[in-house]
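Asks: Using the hints provided, position chain P relative to the given structure of chain W.
Chains W and P supply the protein sequences, listed in that same order. With this note's numbering applied, the first sequence has no gaps in its numbers, which climb one by one up to 473 at the end. With this note's numbering applied, the second sequence has no gaps in its numbers, which climb one by one up to 473 at the end.
Think of the hints as simulated: they come from the structure by calculation, not from any bench. Please note that the accuracy of each hint is not assured.
Since the list gives no way to pick out one identical chain from another, each pair is judged satisfied if it fits inside one copy or across any two copies.
Listed below are the simulated SDA-like cross-link pairs for lysine to any residue, each with C-alpha atoms no more than 25 Å apart in a straight line [stated by the list, open to error]:
| hint | residue 1 | residue 2 |
| --- | --- | --- |
| 1 | K328 | N246 |
| 2 | K77 | N28 |
| 3 | K131 | A312 |
| 4 | K317 | K368 |
| 5 | K401 | A390 |
| 6 | K58 | W135 |
| 7 | K311 | D385 |
Protein chains: 2
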Amino acid sequence: MSNKLPDINTHFSDWYNEVIHTAELVDNAPVRGCMVVRPYGWSIWEHIKDNLNDRIKKTGHHNASFPLFIPESFFKKEAEHVEGFAPELAVVTHAGGKELEEPLVVRPTSETIIHFMFAQWIKSWRDLPLKINQWANVVRWEKRSRPFLRTTEFFWQEGHTAHETHQEAVEEAELMLQEYVNLCHNILAIPVIAGIKSNREKFPGAEKTMTFEGIMPDGKALQMGTSHLLSQSFAHSFNMQFQDRNGELAYPYLTSWGTTTRLVGALVMTHGDQKGLILPPRVAPIQVVIIPIFKAGQEKDTLLAKIQEIKAQLEPKVRVEIDDSEHKTPGAKFYHWELKGVPLRVEIGPRDLANNQVVVGNRLTGTKSFIAIDQLSQVVPSLLDDMHHALFARAQERQDKVTHNGEKLLNFGPIIAEHNGAYKTGWCQRPECEDELRQYKATTRCILTTHHFTECFNCTRPSVSDVLVAKAY
Amino acid sequence: MSNKLPDINTHFSDWYNEVIHTAELVDNAPVRGCMVVRPYGWSIWEHIKDNLNDRIKKTGHHNASFPLFIPESFFKKEAEHVEGFAPELAVVTHAGGKELEEPLVVRPTSETIIHFMFAQWIKSWRDLPLKINQWANVVRWEKRSRPFLRTTEFFWQEGHTAHETHQEAVEEAELMLQEYVNLCHNILAIPVIAGIKSNREKFPGAEKTMTFEGIMPDGKALQMGTSHLLSQSFAHSFNMQFQDRNGELAYPYLTSWGTTTRLVGALVMTHGDQKGLILPPRVAPIQVVIIPIFKAGQEKDTLLAKIQEIKAQLEPKVRVEIDDSEHKTPGAKFYHWELKGVPLRVEIGPRDLANNQVVVGNRLTGTKSFIAIDQLSQVVPSLLDDMHHALFARAQERQDKVTHNGEKLLNFGPIIAEHNGAYKTGWCQRPECEDELRQYKATTRCILTTHHFTECFNCTRPSVSDVLVAKAY
Numbered sequence: 001m002s003n004k005l006p007d008i009n010t011h012f013s014d015w016y017n018e019v020i021h022t023a024e025l026v027d028n029a030p031v032r033g034c035m036v037v038r039p040y041g042w043s044i045w046e047h048i049k050d051n052l053n054d055r056i057k058k059t060g061h062h063n064a065s066f067p068l069f070i071p072e073s074f075f076k077k078e079a080e081h082v083e084g085f086a087p088e089l090a091v092v093t094h095a096g097g098k099e100l101e102e103p104l105v106v107r108p109t110s111e112t113i114i115h116f117m118f119a120q121w122i123k124s125w126r127d128l129p130l131k132i133n134q135w136a137n138v139v140r141w142e143k144r145s146r147p148f149l150r151t152t153e154f155f156w157q158e159g160h161t162a163h164e165t166h167q168e169a170v171e172e173a174e175l176m177l178q179e180y181v182n183l184c185h186n187i188l189a190i191p192v193i194a195g196i197k198s199n200r201e202k203f204p205g206a207e208k209t210m211t212f213e214g215i216m217p218d219g220k221a222l223q224m225g226t227s228h229l230l231s232q233s234f235a236h237s238f239n240m241q242f243q244d245r246n247g248e249l250a251y252p253y254l255t256s257w258g259t260t261t262r263l264v265g266a267l268v269m270t271h272g273d274q275k276g277l278i279l280p281p282r283v284a285p286i287q288v289v290i291i292p293i294f295k296a297g298q299e300k301d302t303l304l305a306k307i308q309e310i311k312a313q314l315e316p317k318v319r320v321e322i323d324d325s326e327h328k329t330p331g332a333k334f335y336h337w338e339l340k341g342v343p344l345r346v347e348i349g350p351r352d353l354a355n356n357q358v359v360v361g362n363r364l365t366g367t368k369s370f371i372a373i374d375q376l377s378q379v380v381p382s383l384l385d386d387m388h389h390a391l392f393a394r395a396q397e398r399q400d401k402v403t404h405n406g407e408k409l410l411n412f413g414p415i416i417a418e419h420n421g422a423y424k425t426g427w428c429q430r431p432e433c434e435d436e437l438r439q440y441k442a443t444t445r446c447i448l449t450t451h452h453f454t455e456c457f458n459c460t461r462p463s464v465s466d467v468l469v470a471k472a473y
Numbered sequence: 001m002s003n004k005l006p007d008i009n010t011h012f013s014d015w016y017n018e019v020i021h022t023a024e025l026v027d028n029a030p031v032r033g034c035m036v037v038r039p040y041g042w043s044i045w046e047h048i049k050d051n052l053n054d055r056i057k058k059t060g061h062h063n064a065s066f067p068l069f070i071p072e073s074f075f076k077k078e079a080e081h082v083e084g085f086a087p088e089l090a091v092v093t094h095a096g097g098k099e100l101e102e103p104l105v106v107r108p109t110s111e112t113i114i115h116f117m118f119a120q121w122i123k124s125w126r127d128l129p130l131k132i133n134q135w136a137n138v139v140r141w142e143k144r145s146r147p148f149l150r151t152t153e154f155f156w157q158e159g160h161t162a163h164e165t166h167q168e169a170v171e172e173a174e175l176m177l178q179e180y181v182n183l184c185h186n187i188l189a190i191p192v193i194a195g196i197k198s199n200r201e202k203f204p205g206a207e208k209t210m211t212f213e214g215i216m217p218d219g220k221a222l223q224m225g226t227s228h229l230l231s232q233s234f235a236h237s238f239n240m241q242f243q244d245r246n247g248e249l250a251y252p253y254l255t256s257w258g259t260t261t262r263l264v265g266a267l268v269m270t271h272g273d274q275k276g277l278i279l280p281p282r283v284a285p286i287q288v289v290i291i292p293i294f295k296a297g298q299e300k301d302t303l304l305a306k307i308q309e310i311k312a313q314l315e316p317k318v319r320v321e322i323d324d325s326e327h328k329t330p331g332a333k334f335y336h337w338e339l340k341g342v343p344l345r346v347e348i349g350p351r352d353l354a355n356n357q358v359v360v361g362n363r364l365t366g367t368k369s370f371i372a373i374d375q376l377s378q379v380v381p382s383l384l385d386d387m388h389h390a391l392f393a394r395a396q397e398r399q400d401k402v403t404h405n406g407e408k409l410l411n412f413g414p415i416i417a418e419h420n421g422a423y424k425t426g427w428c429q430r431p432e433c434e435d436e437l438r439q440y441k442a443t444t445r446c447i448l449t450t451h452h453f454t455e456c457f458n459c460t461r462p463s464v465s466d467v468l469v470a471k472a473y
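Okay, chain W solo, but in the shape it has when bound:
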């Protein structure tokens, strides 16, 4: 019962660092900025991945694989792109015992090498749309790293598509943004705010970047993924031309979109509490843990046999584990699985067995209830569903609490600087006004589709549309 976590309300950042380590999601790697993702953490990512992969395939994309290494010259083909990524690149200069003629960049993102291949594959309008996805590791050299949230090597999927028309590319980028939002809402139980990045915050080389941002309990915004309308700039850089339906040469319209292992960090921050993780049931590696309660001399074998039966009964529907280790007390086990955020705990002792019932403990509410054993396989899935919805509702409520309306930066800026918090406000969309946010360590997180505010947060010009302002992770 030791290992108390730092106070989640007053020391959120320390709480995060501590909980991801003690719950065995992650460990420090002996390489600066990298992380070792332990089985429990990797399993969460695998569940996210499986769900998103299904969405990607169902929307007509195909997985493929492109090289880890990209020739340095490729980056220089798209001017904004190289400028955006140059400071973050890791470079292989030696291989096979020799210095390389041309250094190889370890991919920070794969637009350049994928577009190089697209240029060879797209010859006619019949080759379009081309819709490719890759699950991969990428490397961006980070000055400050935090596991899952910002690491030198991270894991993601990157979708890359090419289309005949601008309109089709717009629809594609919007569709994938929507799939991400659905993933967050329906699977991770994280409410997100979707919108458009300002020109300063957009992806280097893109026409338009869409983003979905979670507002964490500490009032800072977490960019959880992006969907880019690249339009034709990269197509020109890589000389990607095809014969259109009129027999003329044309450039395709491109998109790219990605989300990362950062989602694991997002769900830890969004749902955890003072006792540890609370894992959203749909991605929890273990949804139910069964703990036998017995004393020496009691009918242990009968109990364990019954527990195996219960497990077998539940297994087709939910992910169950039994913790029957004998060197730990039930109390120590409760503590352990609470820390690990397992949604439901089933306790069963000889008296329960005699009554054909178990005790089910709910990780979110902390309540316990008796459930008849023959009802378990109906009740457990619906308890898990309920918990998903309760987690989403709680997260939405928390997000609303730290998201405010603000008229003038002069008023809300100092509050952000000192206490964090996300502010919806008006903006003239000029970078000069965006610059003023820096003094409060805030940035524009995304331009919203609403238009409640008539005036810019900084100048007296009319607002073009509302914008979300916050400190960013």
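Replies: The following block gives chain P in isolation, referenced to the frame of chain W:
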């Protein structure tokens, strides 16, 4: 009907290079030695991966993720290991715009970094066995590369385990070898020969390396994966100590085992024919392609509606695609899907529709048969099963044809040199005799469990056990 492949009997290597490109498994990458795996090729790998991943999880292993980069100093901790891998390493010397203090190696395999972590996780016998697996990309700088068979970057899984006793580690390494053999036989329809590597051919730092080798139709051996009993050498190098059941400090016994995207190359070579790929049904991305046969003016819409129905009927059991593109003749489609190795082709025209039947073409036998539409969902899965077994039997027969018994190297050596072929023979297990194979470009592929030959293939000493000798891919 153009694009004839090179003659598979006389120009096997050219045939391989051509078929993997024209069937769109792979494309040349703009980075030396790397490959772009196209969706059709990647999907085969995904099916292999899914099956193997299930086997790995069912045998009690957990997936995790370790960094791509390994400090150079880690490699130097295990002397044989660094010597074995040094010539193949790719090294990051610059990152974030600066020269690194210590260069980082791009992992060629992850023993060193994983053992560094194991040393922190294994404190007591209660922490054992520790059974971890990682799906990852690795990099080994190759002078000559061929897609799937030997590439600078390749994809694999690497299992890493630690055990209390030597015996447990032996059983683990043998179990995973057996899982690989089962994967090859039951999923890829590739017969393999399992055995033990000679000291010269074993993994740098291992006590014993087990291997499974396929004999390709050209009579060369392909090492398809390995399972290593690492024993305690790495545990000593990384100071991995735990308190055993008697309260004393002990070193665990380690294993590692892996197989790679090379399996895709293996199944292409094993099963293909002059018309192109023949994909083993259990990993074929498309198991059945449906081709409507209609002429202008005929009831196209009725036909297409019926085909959608047939697809829906088959889909719960098999992977089906419809090729209803209108700018290609049925003949061109037949040719295309034969090249791509789709196991079964369903043809259906208005007359078939009237008779409630379809024509099913078998890619392996080239035969066609009429099947009643309402029988399809029973018949198709069993046809696919039959094809799996027929492919395995055919591959076994071919392998037997190119695998011979040989008494003396003087006799069979020149035959290997000129015509390839695998030879089972006796060996005294001295490296001096192994050296003599080089003049014929052959190596020992594995030491067998049989003992038919009494004398060494080279000297007159008694044979310790039989050995398989061949040229290697």
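Asks: Quick check: which numbered hints come out false for this structure?
Replies: Violated hints: none; all satisfied.
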